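These protein sequence lines are chains A and B, in that order.
According to the UniProt record's numbering, the first sequence is numbered sequentially starting from 1.
According to the UniProt record's numbering, the second sequence is numbered sequentially starting from 1.
Think of the hints as simulated: they come from the structure by calculation, not from any bench.
Everything numeric in this text was worked out from a predicted model, so none of it was measured.
Keep in mind that the hints are not guaranteed to be accurate.
Below, a sample of chain A positions facing chain B; criterion: calculated Cβ distance under 8 Å [said to hold, decoys possible]:
1) Thr156
2) Phe160
3) Ala196
Using 27 Å as the maximum straight-line C-alpha spacing, the simulated DSSO-like pairs for lysine-lysine come out as follows [what the hints assert, rightly or not]:
4) Lys410/A with Lys39/B
5) Lys158/A with Lys35/B
6) Lys111/B with Lys39/B
7) Lys277/A with Lys42/A
8) Lys335/A with Lys325/A
9) Lys80/B with Lys49/B
10) Lys304/A with Lys277/A
11) Lys163/B with Lys71/B
12) Lys304/A with Lys163/B
13) Lys158/A with Lys163/B
14) Lys304/A with Lys35/B
15) Lys277/A with Lys171/A
16) Lys163/B with Lys80/B
17) Lys158/A with Lys42/A
18) Lys21/B with Lys319/A
19) Lys35/B with Lys21/B
20) Lys410/A with Lys163/B
21) Lys158/A with Lys21/B
22) Lys49/B with Lys410/A
23) Lys21/B with Lys410/A
24) Lys9/B with Lys35/B
25) Lys410/A with Lys158/A
26) Lys71/B with Lys410/A
27) Lys108/B with Lys35/B
28) Lys158/A with Lys71/B
29) Lys39/B with Lys9/B
30) Lys163/B with Lys111/B
31) Lys71/B with Lys9/B
32) Lys163/B with Lys108/B
33) Lys277/A with Lys44/A
Ideal placement from N, C-alpha and C gives every residue a C-beta, glycine not left out.
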Amino acid sequence: MEEELKGMVEDLQVLKGSLATLEKRVQNVTSLAKTTPTRRSKVKDMSSEVIDSNPYSRLMALQRMGIVENYEQIRDFSVAIVGVGGVGSVAAEMLTRCGIGRLLLYDYDTVELANMNRLFFRPEQVGMTKTDAAVHTLSEINPDVVLESYTMNITTVKGFETFTESLQNKKFSTSKHGTGVDLVLSCVDNYEARMAVNQACNELGQTWMESGVSEDAVSGHIQLLVPGETACFACAPPLVVASGVDERTLKREGVCAASLPTTMGVVAGLLVQNTLKYLLGFGQVSPYLGYNSLKDFFPTMEMKPNPQCSNSACLNRQKEYILAKPARDASAKAKMEAEASSQTEGPLHLDNEWNISVVDDSEIEGSTSNKSDALPEGLVRELPISDNYENKMIPVETNAVTDDLDYLRKQLDALNAD
Amino acid sequence: MEGWDTTTKSTLTQIPLLTTKAGPRDGALWTQRLKEEYKALIAYTGMNKSNDNDWFRISAANPEGTRWTGKCWYVHNLLKYEFDLQFDIPVTYPATAPEIELPELDGKTHKMYRGGKICLTVHFKPLWAKNCPRFGIAHALCLGLAPWLAAEVPILVDSGMIKHKDDAATSAQ
Numbered sequence: 001m002e003e004e005l006k007g008m009v010e011d012l013q014v015l016k017g018s019l020a021t022l023e024k025r026v027q028n029v030t031s032l033a034k035t036t037p038t039r040r041s042k043v044k045d046m047s048s049e050v051i052d053s054n055p056y057s058r059l060m061a062l063q064r065m066g067i068v069e070n071y072e073q074i075r076d077f078s079v080a081i082v083g084v085g086g087v088g089s090v091a092a093e094m095l096t097r098c099g100i101g102r103l104l105l106y107d108y109d110t111v112e113l114a115n116m117n118r119l120f121f122r123p124e125q126v127g128m129t130k131t132d133a134a135v136h137t138l139s140e141i142n143p144d145v146v147l148e149s150y151t152m153n154i155t156t157v158k159g160f161e162t163f164t165e166s167l168q169n170k171k172f173s174t175s176k177h178g179t180g181v182d183l184v185l186s187c188v189d190n191y192e193a194r195m196a197v198n199q200a201c202n203e204l205g206q207t208w209m210e211s212g213v214s215e216d217a218v219s220g221h222i223q224l225l226v227p228g229e230t231a232c233f234a235c236a237p238p239l240v241v242a243s244g245v246d247e248r249t250l251k252r253e254g255v256c257a258a259s260l261p262t263t264m265g266v267v268a269g270l271l272v273q274n275t276l277k278y279l280l281g282f283g284q285v286s287p288y289l290g291y292n293s294l295k296d297f298f299p300t301m302e303m304k305p306n307p308q309c310s311n312s313a314c315l316n317r318q319k320e321y322i323l324a325k326p327a328r329d330a331s332a333k334a335k336m337e338a339e340a341s342s343q344t345e346g347p348l349h350l351d352n353e354w355n356i357s358v359v360d361d362s363e364i365e366g367s368t369s370n371k372s373d374a375l376p377e378g379l380v381r382e383l384p385i386s387d388n389y390e391n392k393m394i395p396v397e398t399n400a401v402t403d404d405l406d407y408l409r410k411q412l413d414a415l416n417a418d
Numbered sequence: 001m002e003g004w005d006t007t008t009k010s011t012l013t014q015i016p017l018l019t020t021k022a023g024p025r026d027g028a029l030w031t032q033r034l035k036e037e038y039k040a041l042i043a044y045t046g047m048n049k050s051n052d053n054d055w056f057r058i059s060a061a062n063p064e065g066t067r068w069t070g071k072c073w074y075v076h077n078l079l080k081y082e083f084d085l086q087f088d089i090p091v092t093y094p095a096t097a098p099e100i101e102l103p104e105l106d107g108k109t110h111k112m113y114r115g116g117k118i119c120l121t122v123h124f125k126p127l128w129a130k131n132c133p134r135f136g137i138a139h140a141l142c143l144g145l146a147p148w149l150a151a152e153v154p155i156l157v158d159s160g161m162i163k164h165k166d167d168a169a170t171s172a173q
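So here's chain A without its partners, still in its complex pose:
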């Protein structure tokens, strides 16, 4: 009897103890739910001090590891993200967590429950514009980032004007030579918007990166586009190159395209990794990187601009790039020479038994490029060479005297009236 009573008293004590801890947890959770999320104050300089309260300690460690020379310069960079969807929102979060200087976000859509199979947006944000919801979340994650949001469609004439103006705004940093941003990231889901980004960047000479996920959600790609130097989006749409599918037949999100958080996350990761390499100058920046998730195949390639590109701004940038070739060659040569002179003087090998000599590459390159049209003996071209392609599209009829725009408008109105 006594033994039993003793045991029950002990049990009661244990229960009392666990009740107390449970009460404390309830208190904690309720107070956490009541208080608004604590915002950290802005940080003036990125510190590499390794303490728990430093949000940049792990990023600054990239310098100590010898990967990045000067990580803190990330705060001087502006990146524009067009399309804040499955890829764009995640890319924005990654750049925000990396402490990018300024982010410009463009989207005209609202958050919907159908977006919840992807990352970043939360169910309570349903109904908000994607830009508002993103700014809300991102400013909580890192208040140091300057966020600008534009809720509009960039493919309309007015939206496009606002888009190009916002890219040229240099108030954040005056040191930029061309536009007010360092890089544009296209994270849109349709051909029209990609063409609009392409048009803007070709006109401004703005370097940009394109990203995309296939409609079956199992492959994707990223591509670096430097107007004049690499293929523009109108020169060679990536999917035509990758799979032979016509880009224009791509379905969009609204009409039953599949999507996976994994593929979108991988593509966003590839895109931002390439962005960081481009901005901070480490590693090799990929000109094109594909991702085939079914076979885990990552093809890379380079694409030269199409001299018959249908985009006239692209052709202008190509001409400028060719004109700037001597200067580019000279600076490359100077750099080579500087590197060579810094190395040890004197012959590399004392004896040269086989009389091997090094011949300058550039001369051979020049002579072969002249012969590039020539074919080996026995081969003939199937199609004639189009020398006069550019003159082909001149309008045939120029009888502008008889037709007046107002007259035509009235004529249509008259037809519409009855």
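Place chain B on chain A using the hints.
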């Protein structure tokens, strides 16, 4: 063009083709293009009327001719269903086709993008791309919107998603 009915094909051949490759930001060239757009629309509307196949009204909503509004209708089981019609000329026009919108049907069919933009991806966009810059607004209506209405309106009516305006009025009383 295989897979298209002979009526559409013969209609299409009678709509004048356009020659000027210019978008809304190309100044005088755009005016030239706009004239060609009007000519094609006038020819197409006139042709529809003379064939007793009148099915849309469209006119420019701004002097620059970058926004167009109007009406389109489709007859199903002897009842006429009419919808507001609108679209913007995209900044990259004519490399990209106009995105035709029927705002009243937004959310009623999954053959549509947000904002009531009808899905042109499969049946029309490749044709437009191949015929750039010869196709214009009239061609987009003939080959983009008309087949969409013919395919979707019967489904929308039969599934009860849209009601004829007379039915809607009587049921409201």
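A quick look at each hint next to the structure:
{"no.": "1", "hint": "Thr156", "result": "holds, 5 Å"}
{"no.": "2", "hint": "Phe160", "result": "holds, 4 Å"}
{"no.": "3", "hint": "Ala196", "result": "holds, 6 Å"}
{"no.": "4", "hint": "Lys410/A with Lys39/B", "result": "holds, 11 Å"}
{"no.": "5", "hint": "Lys158/A with Lys35/B", "result": "holds, 22 Å"}
{"no.": "6", "hint": "Lys111/B with Lys39/B", "result": "violated, 31 Å"}
{"no.": "7", "hint": "Lys277/A with Lys42/A", "result": "holds, 26 Å"}
{"no.": "8", "hint": "Lys335/A with Lys325/A", "result": "holds, 15 Å"}
{"no.": "9", "hint": "Lys80/B with Lys49/B", "result": "holds, 16 Å"}
{"no.": "10", "hint": "Lys304/A with Lys277/A", "result": "holds, 21 Å"}
{"no.": "11", "hint": "Lys163/B with Lys71/B", "result": "holds, 17 Å"}
{"no.": "12", "hint": "Lys304/A with Lys163/B", "result": "violated, 55 Å"}
{"no.": "13", "hint": "Lys158/A with Lys163/B", "result": "violated, 36 Å"}
{"no.": "14", "hint": "Lys304/A with Lys35/B", "result": "violated, 37 Å"}
{"no.": "15", "hint": "Lys277/A with Lys171/A", "result": "holds, 25 Å"}
{"no.": "16", "hint": "Lys163/B with Lys80/B", "result": "holds, 10 Å"}
{"no.": "17", "hint": "Lys158/A with Lys42/A", "result": "violated, 35 Å"}
{"no.": "18", "hint": "Lys21/B with Lys319/A", "result": "holds, 21 Å"}
{"no.": "19", "hint": "Lys35/B with Lys21/B", "result": "holds, 12 Å"}
{"no.": "20", "hint": "Lys410/A with Lys163/B", "result": "violated, 34 Å"}
{"no.": "21", "hint": "Lys158/A with Lys21/B", "result": "holds, 20 Å"}
{"no.": "22", "hint": "Lys49/B with Lys410/A", "result": "holds, 17 Å"}
{"no.": "23", "hint": "Lys21/B with Lys410/A", "result": "holds, 24 Å"}
{"no.": "24", "hint": "Lys9/B with Lys35/B", "result": "holds, 24 Å"}
{"no.": "25", "hint": "Lys410/A with Lys158/A", "result": "holds, 26 Å"}
{"no.": "26", "hint": "Lys71/B with Lys410/A", "result": "holds, 18 Å"}
{"no.": "27", "hint": "Lys108/B with Lys35/B", "result": "violated, 36 Å"}
{"no.": "28", "hint": "Lys158/A with Lys71/B", "result": "holds, 24 Å"}
{"no.": "29", "hint": "Lys39/B with Lys9/B", "result": "holds, 19 Å"}
{"no.": "30", "hint": "Lys163/B with Lys111/B", "result": "holds, 18 Å"}
{"no.": "31", "hint": "Lys71/B with Lys9/B", "result": "holds, 23 Å"}
{"no.": "32", "hint": "Lys163/B with Lys108/B", "result": "holds, 12 Å"}
{"no.": "33", "hint": "Lys277/A with Lys44/A", "result": "holds, 24 Å"}
Violated hints, listed in ascending order, are 6, 12, 13, 14, 17, 20 and 27; each of the other numbered hints is respected by the structure.
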